[in-house]
Amino acid sequence: MDTPITRAEHEEFRKTVNADIKRLEAEDTRLNKRVSELENDNRQITELTVSVQKLTDNIESMRQLQEDEGKRLSAIEGRDGEMWRKILSYTITAVISLIIGAVFAQIGI
Numbered sequence: 003m004d005t006p007i008t009r010a011e012h013e014e015f016r017k018t019v020n021a022d023i024k025r026l027e028a029e030d031t032r033l034n035k036r037v038s039e040l041e042n043d044n045r046q047i048t049e050l051t052v053s054v055q056k057l058t059d060n061i062e063s064m065r066q067l068q069e070d071e072g073k074r075l076s077a078i079e080g081r082d083g084e085m086w087r088k089i090l091s092y093t094i095t096a097v098i099s100l101i102i103g104a105v106f107a108q109i110g111i
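21 is the number that the working numbering gives to position 19 of the sequence shown; each next residue is one higher, with no gaps.
Treat the hints with care, as some may be off.
Unchecked claim - For lysine-lysine, the following BS3-like pairs were computed, each having C-alpha atoms within a straight-line distance of at most 27 Å:
| hint | residue 1 | residue 2 |
| --- | --- | --- |
| 1 | K88 | K73 |
| 2 | K73 | K56 |
| 3 | K35 | K24 |
Hints are computed from structural coordinates only; laboratory data are not their basis.
Make a model of the complete structure from these sequences and hints.
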């Protein structure tokens, strides 16, 4: 180890080391770019996940609102049907009463 190296050996070693450094720097640049792209993809996935969660919440609230409106609509429809049934019942009662009254008037009661 105490023997000195020649200038040519030193230059060859320096070229090899410089080539290795350039190769490692290029690889480092590529890896940094890939990491940056992965971080961007991860950010987009996170944003998409948040958007999907908001959409899910909105759909759930819309479903609940539709259920409530469906119940209210059923109540309103039932009220209209009930009103028509009462009108029909009163009309039938009036017609029957008129018929019975006419029969009793013919009989003389």
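Taking the hints in turn, this is what the structure says about them:
no., hint, verdict
1, K88 with K73, "holds (22 Å)"
2, K73 with K56, "holds (26 Å)"
3, K35 with K24, "holds (16 Å)"
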